[in-house]
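There are 4 protein chains.
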Amino acid sequence: MTVARTVELEGHIIDSGTMGHCFGVVMDMGGEFEVEEFEVGRHKHAETYCRMTVMADTEEDLRAILHELNQQGATVADPRDATLEPAPEDGVVPIDFYSTTNHPTYVRVDGEWVEVADPEMDCALVVERGDPADPQGTGDAGEGDGEPRVSTKVLNAVEEGDLVVTGETGIRVEPPERPRDGGGSFGFMQGGVSSERPSESLIEEIADEMREVQAEDGNVLAVCGPAIVHAGGRDALADLVGAGYVDALSAGNGFAVHDLERDLYGTSLGVDTENLEHPREGHKHHIYTISEIVRLGGIEEAVEAGVVDEGVMYECVANDVPFVLAGSIRDDGPLPDTITDSIEAQNAIREQAHEADLVLMLSTLLHSVAVGNCLPSTTKTVCVDINPATVTQLLDRGSAQAIGMVTDIGTFIPMLRDELLE
Amino acid sequence: MTVARTVELEGHIIDSGTMGHCFGVVMDMGGEFEVEEFEVGRHKHAETYCRMTVMADTEEDLRAILHELNQQGATVADPRDATLEPAPEDGVVPIDFYSTTNHPTYVRVDGEWVEVADPEMDCALVVERGDPADPQGTGDAGEGDGEPRVSTKVLNAVEEGDLVVTGETGIRVEPPERPRDGGGSFGFMQGGVSSERPSESLIEEIADEMREVQAEDGNVLAVCGPAIVHAGGRDALADLVGAGYVDALSAGNGFAVHDLERDLYGTSLGVDTENLEHPREGHKHHIYTISEIVRLGGIEEAVEAGVVDEGVMYECVANDVPFVLAGSIRDDGPLPDTITDSIEAQNAIREQAHEADLVLMLSTLLHSVAVGNCLPSTTKTVCVDINPATVTQLLDRGSAQAIGMVTDIGTFIPMLRDELLE
Amino acid sequence: MTVARTVELEGHIIDSGTMGHCFGVVMDMGGEFEVEEFEVGRHKHAETYCRMTVMADTEEDLRAILHELNQQGATVADPRDATLEPAPEDGVVPIDFYSTTNHPTYVRVDGEWVEVADPEMDCALVVERGDPADPQGTGDAGEGDGEPRVSTKVLNAVEEGDLVVTGETGIRVEPPERPRDGGGSFGFMQGGVSSERPSESLIEEIADEMREVQAEDGNVLAVCGPAIVHAGGRDALADLVGAGYVDALSAGNGFAVHDLERDLYGTSLGVDTENLEHPREGHKHHIYTISEIVRLGGIEEAVEAGVVDEGVMYECVANDVPFVLAGSIRDDGPLPDTITDSIEAQNAIREQAHEADLVLMLSTLLHSVAVGNCLPSTTKTVCVDINPATVTQLLDRGSAQAIGMVTDIGTFIPMLRDELLE
Amino acid sequence: MTVARTVELEGHIIDSGTMGHCFGVVMDMGGEFEVEEFEVGRHKHAETYCRMTVMADTEEDLRAILHELNQQGATVADPRDATLEPAPEDGVVPIDFYSTTNHPTYVRVDGEWVEVADPEMDCALVVERGDPADPQGTGDAGEGDGEPRVSTKVLNAVEEGDLVVTGETGIRVEPPERPRDGGGSFGFMQGGVSSERPSESLIEEIADEMREVQAEDGNVLAVCGPAIVHAGGRDALADLVGAGYVDALSAGNGFAVHDLERDLYGTSLGVDTENLEHPREGHKHHIYTISEIVRLGGIEEAVEAGVVDEGVMYECVANDVPFVLAGSIRDDGPLPDTITDSIEAQNAIREQAHEADLVLMLSTLLHSVAVGNCLPSTTKTVCVDINPATVTQLLDRGSAQAIGMVTDIGTFIPMLRDELLE
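Residue numbers (my numbering), protein chains in the order written: chain A, 1 to 422; chain B, 1 to 422; chain C, 1 to 422; chain D, 1 to 422.
The hints are simulated quantities; they were obtained by calculation from the structure and are not laboratory data.
Some clues are possibly wrong.
Identical copies carry no separate label here, and so any pair may be met within one copy or between two of them.
Calculated lysine to any residue pairs in the SDA-like style (CA-CA distance at most 25 Å, straight line) [to be verified]:
| id | residue 1 | residue 2 |
| --- | --- | --- |
| 1 | Lys-153 | Arg-211 |
| 2 | Lys-44 | Glu-10 |
| 3 | Lys-44 | Arg-295 |
| 4 | Lys-44 | Glu-422 |
| 5 | Lys-44 | Ala-389 |
| 6 | Lys-44 | Glu-8 |
| 7 | Lys-153 | Asp-341 |
No experiment lies behind these values; they were computed from the predicted model shown.
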């Protein structure tokens, strides 16, 4: 063990698993540790402090270990400013750029810890120094001498000359801590399916959470898959939108088309439009529905024209609930409202994600992953799908407080509606 | 093509798929066919008749083809009596024994077509000639000279000397025909998941079917897995048993224990007993519940002692709904009511299956397969499971009229209860 | 039954299931039929002919029945020219437009049956009359008086004034017929998982099919998901591309990035880049890989620069195997080669699909559905996924000859490689 | 907080998660803790010691908390002898009996800590005092005055008068600790699917582990489902048994019948016997195979008679590899070797489980759960199944060192065979 560095951890790091995970990381990666100081949190509300020296055989091994420890919240003991390097080209990052977690993060710039705005994973950190004469920060990055700002940028948003944080120095991550009160029905950092309660009880708890968010004027984002319509949960979801329990909606072209098709054709053709297994039947209506919305100019115009007068999309328009319809290569049509460029769609989804306090991921893997990619670990998440692998995959992506429920969306939404509205 | 035989088919054989399947079987197995007579059913209620010669290269190939055609309902054109051969030993069948389908079957004995009692698949057909002096047929098989009877026997029930049908001669199978009215919500011979309707509508249709069976004094057999208790469907199922919608119950030791445990411990410990994911917690109660029932002598005794006063097993006892609890190598305990010998348990299940008019298979693969093995193809079946592979596997086993539903048993049973009782 | 129409069917319609399905459709939709003429195909190679009158209560019911019968290959007995109506606007179809199946289709124009180019489902049929002075048909549609051409157009390609086929008149569909030789290992119209053979045998048969397509100078399109890289099938796939067994590749940004990342970082970091369950680790390399390819200008440029010198994308470039990388809202980056607009990506996929003789769908639902949407029912398809629901969904979409295999892509591709190359 | 008790923990309790879990248990269950002494393990090989006081509102709450802490390895600070109470009847335990975990456990009897023989979960602990004149302990329990022995007893083995441990006093559990070397490819207490390596690499590591067990003269128990035969892994498994890599086999009647059927009929009928999806075909052979084995008297007799001369069961007989065939209600036949009583079968499985050093659970949930129920947490386990839910469920049941692999058994076993034998 020829190289060493001292790191510190602080907080509810024992019951949050951080401390144990850090010891494990060092051992698994072939290093050694020597605890220098350890002050245990002696009761529920007391925090634990640990300072330890980490040793490895080579500088490269040590760097790798420190990188992992950093992601867990450990910081090197003698803080220095973060290293900054300009992006060499648009869409290109310096070789040693720091790739973000979705936890609250602080960067040390000019001797001060600056909180990163909108933490999001797999981004670069870009430092801008506000121009005192340009407090809005619209001037050239790096040229001002005012308050530094640090923000996350996805690769395609990085511009030549952006000052990108590199290495691990001067970065502090705050992984979520286990809530002192257990977190209610939300599991803490739990990558499996939380079936702590039978289905009906769990639906009650999700309803409670939605009521609470509504009471606090929070923002509920519903991420919706077409299975909602096929399985028969559409009317109940429309009721929830109408009653104000959904503040924003994120979906694909298919969800909106199926919803609108039921409105345009549902009454007369009934069954066919609800049929998941025989998608061929009634497909003409599917295409014709899109054609009609194209003719009218969009969903809002179709509502105004009175052609669409019920359903989820109708309720969104009628209640000013903003929606994003992201395109995919599976789409028919698409509708005029659908954003066909994936980068543009991601940017729209990113805004929704940043505003959300509670995200309901309802029977869609694609859109849930897209939203999840933009969420900080502090946003509460509810994932509902009939496929346990989907629920597990979504929970693994990183909300610190999540409920996963393996159930039938066609019975879930009606029962949630009854719980909230009756 | 050196060998040939003439076969006949009759009935709604075009829309039931029989005719096409027979042509396919001959071609797939390397044979040829020559249709000699074909009288198409010209309208909905008219039957089709086909007589064709089937040719193959070898006698063995022809036999194999004829075997498959027989299973589809084809009969050789010149009927002769079935060939009978005595079973050489207990549990041993003659080499060329006829292995049954689960369709209605007739065997030609002494020039007469005799209907097989209780058709069941993978059985031997045993012919008994009633003794005129012993009309109940309790005498030695084969020694009487009265009316012949033909019954299915599973291998372990075959006794030395039983007259077992061999070959394909003198056997007529009547595969189910496509119902003229479409069969309502029940799919015809459809080995996939019938999601013709969204969940709520499908539950309504299952409720309708149950009402109809009840109205006709029919017999509903509920096959129950422990997931019913874990997922929170237990109280609703108890309500249905109490209201007379379930005429018999087939389950394993685990289902009963979980149900009883909720009764003995449910109130005070709440959550733990309902917890599927953390089966360790509260497991002491699980074992102690069994211990208590052992001490009292059984479930009925526990009800009589007032120790068990609600839940599914309670309602079964209180309403004289007979139940079979079949043991398995996964069991804790088991309860005194559990039949630990698998042959004995199969026999008990067989009786339940033979009496059922409608079978509800609720979140258990093991018990559903066991019941399904004993069912004739004419019994209506509803399969509910959250795992689509389970539903597909159960539907593939052979009911002609089946509804498969991939949903959460914890929301399904409460919604079914509301539909039937409210 | 107040309205009636006579339809005809011809071909191997009994064993292909067409005849039975048509009888079923009429009965299920509340109609009646009266067979007027029926000439059965008396042996394997003889075709069956049926003419029948279909009756319904209302004109609307009859239309709906005829629509379904048309999709099955039935044609109205007295052929008339197809009805044409101009598209009212770009992206808008006439209300009664004919929505295509993916079967070979003919449209009667000016008394002649014209075969539809590139049949594809859910499209409009657009008739163009070639200008004699403009035989390439580049002039305005509908204004020429030369040979009529009929093509499929997806909704977004429909232009104002396009002559769109409406109604069911003058359209003949030829659904695939059951192959006379059974189709080898490919199942016929079989919406389940064809596990006729154990895994090793099935892989041998897929290899045989690939050899055959290669021998006939056919085109194999591989549709690839990122699980190929995670599960360890990447090197074997690269070998197959290098050996000429793959003629085109369709994938997403993620597949290419994972493949390239292994090339750029694989040697030194090993495990991390192959890790499906811990996507956080090594994610920096993921982003930096994209950054590097952006810097170099694209995959081909990266190969030319010697930065990428092995793997699937490398072999594609080195062997002139064209690839399409379609973007999605899940993407990091994306790579410069990724088509971010979904309509543009669909068009690129459509060209690949039209040229393919055999499509291998390898562990990706999204891209397989996108490709499958563009395929005629005559293209052979192999679907491989570890999730049975994915395989079932893909087979249901409509290839007449398909093999579905539920297996681990990480063992499947190496075994296929060994079979083909050793 | 009116009641309190002091508990101690010792070992690698931070990185094993024990410490954090204990803090969490107290908080989740509404208690409080006050750490009195905490000596952190300062480096990799140093152990941590913690003494803390746990407080709760009621004696009952405190008991519940202490119960959970005990399962985690915490012991009350002032050790007293365990409380013993005689079982009131056969199969009945005292109300407050201690229900075991599958971790190494010690019971304090007469002031000494006695290690529990064969730890197994959900059992009662029974203390016997060896009679000095009867050192084998065959005399009446509780009457001797020699060395006390403590063993686990499942409920049905408890006899009236057995001295059963009650309460939590005098019991010490040693949950497994995180291996200092990371545990190789075996995950530590990890209830998900460990896909740390791509399929081929993971198979190599499983092969390494098997080689190591073989080298150390250890015992490998293979738990086998019928899918092994259907999917085509049977010959490879037979090779592994023949080569000495399997020391015991645990399966059901179905596995053996399918294996034997391939032997009796495989050559001539090929495909049919391997067909998972069409279980009807060739089913006659299935039943006839059983009939033949019944006629011969059993599998060993069939091998001796030369009727069975290849396959897994043949290799077991030829190489003296003991096997247990446990019956179930799904069985046809069954074979004479099949144990039809579930308690008797469990006892046979228990013996196999206790002797195993490495358990391979191969595509069977039922038998794997039955074996898993009898395993101590210290036995290494490999679970292979194509259904991720099965793998997750098996890993959740409690081996401290387990590998879960979601793959196709039909490709897995041949690749494992090649790895070990080529």
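Can you name, in rising order, the numbers of the hints this structure does not satisfy? Hints 1, 3, 4, 5 contradicted; others consistent.
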